[in-house]
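Undergrad: Residue numbers (UniProt numbering), protein chains in the order written: chain A, 1 to 286; chain B, 1 to 349.
Treat the hints with caution; some may be incorrect.
As the list claims (entries may be wrong) - Now the in silico label distances, taken between C-beta atoms and shown as ranges:
1) A217/B to V13/A: 57 to 67 angstroms
2) R11/A to A23/B: 46 to 56 angstroms
3) L31/A to Q248/B: 52 to 62 angstroms
4) Y20/A to Q237/B: 47 to 57 angstroms
5) L29/A to P95/B: 35 to 45 angstroms
6) A17/A to K122/B: 46 to 56 angstroms
7) A78/A to K122/B: 28 to 38 angstroms
8) K186/B to L267/A: 37 to 47 angstroms
9) E343/B to L267/A: 17 to 27 angstroms
10) P157/A to A102/B: 52 to 62 angstroms
11) Q237/B to P157/A: 31 to 41 angstroms
12) R11/A to E343/B: 24 to 34 angstroms
To be verified - Not everything, but these chain B residues come out facing chain A in the computed CB check (under 10 angstroms):
13) Q61
14) T65
15) Q214
16) S308
Treat the hints as calculated values from the structure; they're not laboratory data.
Glycine included, every Cβ here is placed at the ideal spot set by N, Cα and C.
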Amino acid sequence: MAGQRRNEIGRAVPLLAPAYLWLTVAIFLPLSAMIFFSFMTGLPNTGKPWSFTLQNYAAFFQEDIYWRLLLSSLRLAAEVTFWCLIIGFPAAYALAKLLKGRMREAIFLLIILPFWSNGLVRIFSWAMVLREGGLLDTTLNAILPFKISIDLMYSYPAIVIGLVHSYVPYMVLTCYLTLQAIDDSLIEAARSLGASRWQTLRRIIVPLALPGVIAGAALIFVPVVGSFMEPRILGGRTGTFYGTVIEDQFVAVFNWPLGAALSFILLAVVLVVLALASPVLRRATS
Amino acid sequence: MNRLRLIFAASTILASAFGAHAADLHVLNWKGYGADEPWAVEAFEKATGNKVINDFFNSEQEMLTKIRTNPGLYDVVMINAAFNDQATAENLIQPIDTSKIANYGDISAEKAQSPMLVKDGKVYGVPWVWGLTALAINDKSFDTPPTSINVMWDVKHKGRVVIRDDAVEAIQFGAIATGQNINDIKDLDTVKAKLTSLMPQIKTFWSAENDFNQLIASNQIDVGTYWSGSADRAKTQFKLPVSLVIPQEGAVAWLDAWSIPVGAKNVAGAEAFINFMIEPSFYTEWVTKVGAPVSANTKAVAALPEDSFNRKVMGDPEVAKRIQFQAPITDAQREAYLKAWQELKVNVK
């Protein structure tokens, strides 16, 4: 028995080694360096003396701006995840259950298409659409009989729009995978036993698709909390978030220790949020 | 500590090992700021045989970060004189042998001898150009140009005002608006209060020249803080409706200089490049083709037409009285300014 298990491990090692070697070099080492930095007073290559300190972490609790920024980032992430779900789930359902063959492939391609373009290009395209006198403003004024002024650029809604656009494919893909796995005969059975469409959706489809929804939500929520590119470019004066402050520490003011500490606090908070959510989610999925 | 430094160095040697030829000249500067003009690069390459490789930064701090984390990569770097002290103290830049730079003697004495650039008789920066952080207006929005800095606070322009996302620049701008010395801000709270009342006016924060020009081109702003050379460039090269306004309250003046980083591989090329950059022929072509700040080389300014902005307005003694040159600031000041600016930006929400 034991010999057999050892044999299994022996066979797995050559297959696992490249991936774990890569993860060690590419993720574990730089991350360890960042943890190390986060406890330093300054970087050694500036030529100034440095020592170990907890001050970088203390700064987060001493000054309420970091707290408030983190809360607004969490709220932004929740909102973006919500809109991704509202937009992504019906699309995934249509892909999985309503469309077949060529049609499905074509629509699928259109959903993945944004992934093939550079993120920065996508954001700047939104800038052209959303600003006053931009594509949206001009088009609506050309169609509508009355004059309206649409200037969404440099506002909170602009950030949400840009982020939802970037992340909605994740929700579609994860939901599609679970929806596709639902046996059509379950839905037919429910319908033939007298369940309405709404009941079928609520009692059969949504519970079975929940793992996909949760996976999608996690994939979206976590990066959006730390996002900095979209808020900075689309948000204007309202674009200061937790992620932009971390970016400032690294790029603008060269305070890597504080930037690293703020990043690890973000990581901890995200893990806590996911941990708090997990019992609820586990109950929902089982 | 030394081992850490070694790790830093090792990671950057890898990066610099690629594509480092003897005649390559790595230049670090703002984008679109003279050194990367194709006609200038071509003329310089033809004259000296060096191959120019440009790299760019979006803030002075990013520039320092790039030199710190890539030792030996850059041969010549453009450093605002107010940051020269910090770069020298961190041992990032080396003394320059000015005897190798033929045009050095034509630089106006008070700039060449500036204590920000010359330390213990050694020259750590060769003055290149100077200019102002003043206001720039969208010509379409004003019949007569404003004269006071308070136009930024005018409710008529609400939501059509921009300011640069830079803590030091913003606080020094606030100091001028509250009648204080930018290098000795006695009352930071008044500055904060003044800037807080500016925030509802702001459309967005800009960081690089292109951001500002885009906002003007799409007619989204009326007025904002801007650099004098950039305003000239926006007008000359991009044909944008931009005019520089030097408010009666004053403006922040800065001096940009060229330095050679410690460990530069092509020092001779760097010296030739600096000489080329302060040459009158390069400067006049830069001003006429593209638009530029004021050269530190007196012969270069004298070569401009008499009515040109850089000679007439910037050389005006009345303007000289109003402007305040940026001096180096301490780390403690920088941190205080950054904190104040961050709070302002967060409270706006």
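Undergrad: All hints, please: hold or fail.
TA: How the hints compare with the structure:
1. The given range of 57 to 67 angstroms is respected by A217/B and V13/A, whose C-beta atoms sit roughly 60 angstroms from each other.
2. Taking the beta carbon of each, R11/A and A23/B are about 55 angstroms apart, inside 46 to 56 angstroms as hinted.
3. For the pair L31/A and Q248/B, the supplied restraint of 52 to 62 angstroms holds, since their beta-carbon distance comes to about 54 angstroms.
4. Between Y20/A and Q237/B the Cβ separation comes to about 54 angstroms, which falls inside the hinted range of 47 to 57 angstroms.
5. For L29/A and P95/B, the Cβ-Cβ distance of about 37 angstroms falls inside the hinted range of 35 to 45 angstroms, so the restraint holds.
6. Checked against the hint of 46 to 56 angstroms, the pair A17/A and K122/B passes, with Cβ atoms roughly 55 angstroms apart.
7. For A78/A and K122/B, the hinted distance range of 28 to 38 angstroms is not satisfied, since their beta carbons lie about 57 angstroms from each other.
8. Roughly 42 angstroms separates the CB atoms of K186/B and L267/A, a value that falls within the hinted 37 to 47 angstroms.
9. At roughly 25 angstroms, the beta carbons of E343/B and L267/A sit within the given window of 17 to 27 angstroms.
10. In this structure the supplied range 52 to 62 angstroms holds for P157/A paired with A102/B, their Cβ-Cβ distance being about 58 angstroms.
11. A hinted range of 31 to 41 angstroms holds for the C-beta pair Q237/B and P157/A, which are about 35 angstroms apart.
12. In this structure the hint that R11/A and E343/B lie 24 to 34 angstroms apart at CB is violated, the actual value being about 59 angstroms.
13. Hint status for Q61/B relative to chain A: holds, with the closest Cβ pair at about 5 angstroms, below 10 angstroms.
14. Hint status for T65/B relative to chain A: holds, with the closest Cβ pair at about 5 angstroms, below 10 angstroms.
15. A least Cβ separation of about 8 angstroms between Q214/B and chain A falls short of the 10 angstroms threshold, and the interface hint therefore holds.
16. Hint status for S308/B relative to chain A: violated, with the closest Cβ pair at about 34 angstroms, above 10 angstroms.
When held up to the earlier numbered hints, the structure conflicts with 7, 12 and 16 and fits the remainder.
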